[in-house]
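Student: Here's the letter readout for the chains.
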Amino acid sequence: MSVSYTLKESFAGFRRNRSASLITVFTVSISLLLLGVFVIITMNFATFVDQIRSRVDLEVFLSSEMSESQQEGMTRILSNIPGVEEVSFISKEDAAKIFKQDFGESFDDILDDNPLPQSYRLSIQEGYNNADSVQIIAARVEKLQMVESVHYRKQLLQLIDRRARAFGYAAGFIGMILALSAIILVANTIRLTIYAKRHIIRTMKLVGATSMLIRLPFLIEGAFHGIIGGVIASLLIDIVFTFFIQPLSEDLLVNIGVSFGFYIGLIIAGGVLGFIGSVISIGRFLKEALVQHV
Amino acid sequence: MIEFHNVRLTFASQDIFDHANLVISEGEFVYVIGETGIGKSSFLRLLYMDTLPTFGRVRIGGYDSSTITRHQIPFLRRTIGIVFQDYRLLEDRNVFENVAFALHVTGARHQIIASKVHRLLAEVGLSSKEFAMPDDLSGGEKQRVAIARALVNDPVILLADEPTGNLDPAASRDILAIFDRINKRGTAVIMATHDYSLLAQRPGRVIKIQNCNFYDVV
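Note that the protein sequences, when read in sequence, are chains A and B. The working numbering numbers the first residue of the first sequence as 1 and each following residue consecutively. The working numbering numbers the first residue of the second sequence as 1001 and each following residue consecutively.
Pulled out of the complex, with its shape left as it was, chain B reads as follows:
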């Protein structure tokens, strides 16, 4: 489902990846670890094609970085759910509207949007907060809104960039429990983290970024 073929990514004359190869299958739960600044976020950005490889190719679903056009990128992103470390909520609209936005971009009908958003908010435990503005939410609540938004289009892949990085242990546990549930339903979860204690508690494939390449940690 996800393939990296000889990927090289260079920024400011410095290689982030060099001849990097990787395959991730459907439904996997993958932790991506590595030192701060090693390229975990760049790896995720290559997946949602916010940046393109300098050399080589990234394939995700039916999309290929070497052939994708600017107009196709939004359609790729609709098949992926993305949870950002800094939440990236739309600050000028409430919780319901934030989650609904991801459905509006697909042209979904009003009734479908309402029912799906209510279901997702219930799943992440935010039914009572649908009219709250992002500024009125705690970090954990914001992250749960971001997760609801990422899941509302039933993505085949969920990307999460340090989703527990800004959260206390209890909130982190809640978020990971949600990820587990999603993964059991067949969605591949790829989570960049530097919190190694998580790996001990939860099973999953661990990929380490080191020396501009990917290494499976056994």
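So here's chain A without its partners, still in its complex pose:
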């Protein structure tokens, strides 16, 4: 079996059956467009959740005032706790400034002394910013000497965890249904185009073609259709994002984006989809019984 002949036949299929090829490409494009938009929404939701998580800090209030060397020691201890990304010390004066910024009033007007304690603000590393991990970090910090209390938005993190988990399950389920639908839709479209060629396939068998020689051009043609469908879906998504979604994302101050790798993935997915669709469809026509009806 000649490789050049197989390749030539694969691409000749496009020329010989233009309308069927266009229908297949269109079907792949639409399937990938739906799948692609869903993946983008899912990915951006995950990014959005991560952005919220990254804003959750731990506030560590100290029971008594620390000397400079004690502050350095405490900073070192806190930095060495697994999951802690950054440690910043907030002096009584800094705390007073923050209070004034937040509430618009100063202690000097009411009290003689600044009652706010020294504190630390800990930012959390990615991967640790979920309710369970933050709780473990908070528990370790609370055990340290001179630590009065640890505060963080525990309920918000728990809520994010619950919602993200539910969204993950739903996204996985819907994604699977969409992927399955895409395979079935593309396979059926390809099956129809191959069904139209069933007499040709039978003749090929009768003149001595092996199943592989018949099958291979169909598979390559299917993958080729899928790749073109993937390119079209990528272009459509890119146009929609460039002209409609990105301006909106700037207005909403939310980072919604599509990476170049995503488009490459979509094109590869198109090729795989076309290939799998062809494998499913051509198999049926080649598996016909050896003993035919008389």
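It is possible that part of the hints are untrue.
Simulated pairs of lysine-lysine, DSS-like, Cα-Cα distance not exceeding 27 Å [to be verified]:
#1 100(A) with 143(A)
#2 8(A) with 1116(B)
#3 92(A) with 8(A)
#4 1116(B) with 1184(B)
#5 8(A) with 1129(B)
#6 1116(B) with 1129(B)
Hint data in this document are derived by calculation from the structure and do not stem from the laboratory.
Could you slot chain B onto chain A? The hints should help.
Tutor: Structure of chain B alone, referenced to chain A:
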């Protein structure tokens, strides 16, 4: 070269062949006759193993129906040239590509394919039609393309199922003249027909299918 041993072929509880025996030697020109629906096409299909005997065995060349595997069947078919009554051309490709296909399946090289196809098209008188699509050809021309495709692999046996059934007398004469030439070069020709006038005009062994068996007509 071709042997039928106690062949039984049953379809829908009806016997097409029953304990049928037959031997055909190399280079013979054989007409297979019989009433419509008696099993002439089934006989040919047993030869290219498009159907297998219910019982008994068919041997053709080095292949045996009782031992042949699905993967060996394409290789058997490459040693046989088959001309179908309905031509069975590949409608999506031109005359040259139709004939060349039978060579492509063997993995032949491009130059060999081109020279053999041109030679065969010249032999069947279709050199000027190599780029024509099957839809643009007459019945006789389609049959000649089918013959060229059947002969392009230099088969030892040529099977023809009612090759003149859809043709006018002039086209039929042309087709039979081609068969004669091929036979003289040593290829066995087995032709199913119900056109008994041919038998009077041309010499050859005549086998009649009757009562689910083969009978030599003298």
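Student: All the hints need checking, so say for each whether the structure fits it.
Tutor: Structure-based check of all given hints:
Of the pairs offered as hints, the one joining residue 100(A) and residue 143(A) is violated, with about 30 Å between alpha carbons and a cut-off of 27 Å exceeded. Restraint check for residue 8(A) and residue 1116(B): the C-alpha separation of about 20 Å stays at or below 27 Å, so the hint holds. Note on residue 92(A) and residue 8(A): the hinted pairing is violated, with a Cα-Cα distance of about 78 Å set against a maximum of 27 Å. Taking the CA atoms of residue 1116(B) and residue 1184(B), the gap is near 19 Å; set against the 27 Å cutoff, the hint holds.
Proposed proximity of residue 8(A) and residue 1129(B) is supported: the alpha carbons are some 22 Å apart, at most 27 Å. With a CA separation close to 15 Å, the supplied pair residue 1116(B) and residue 1129(B) stays within the 27 Å bound.
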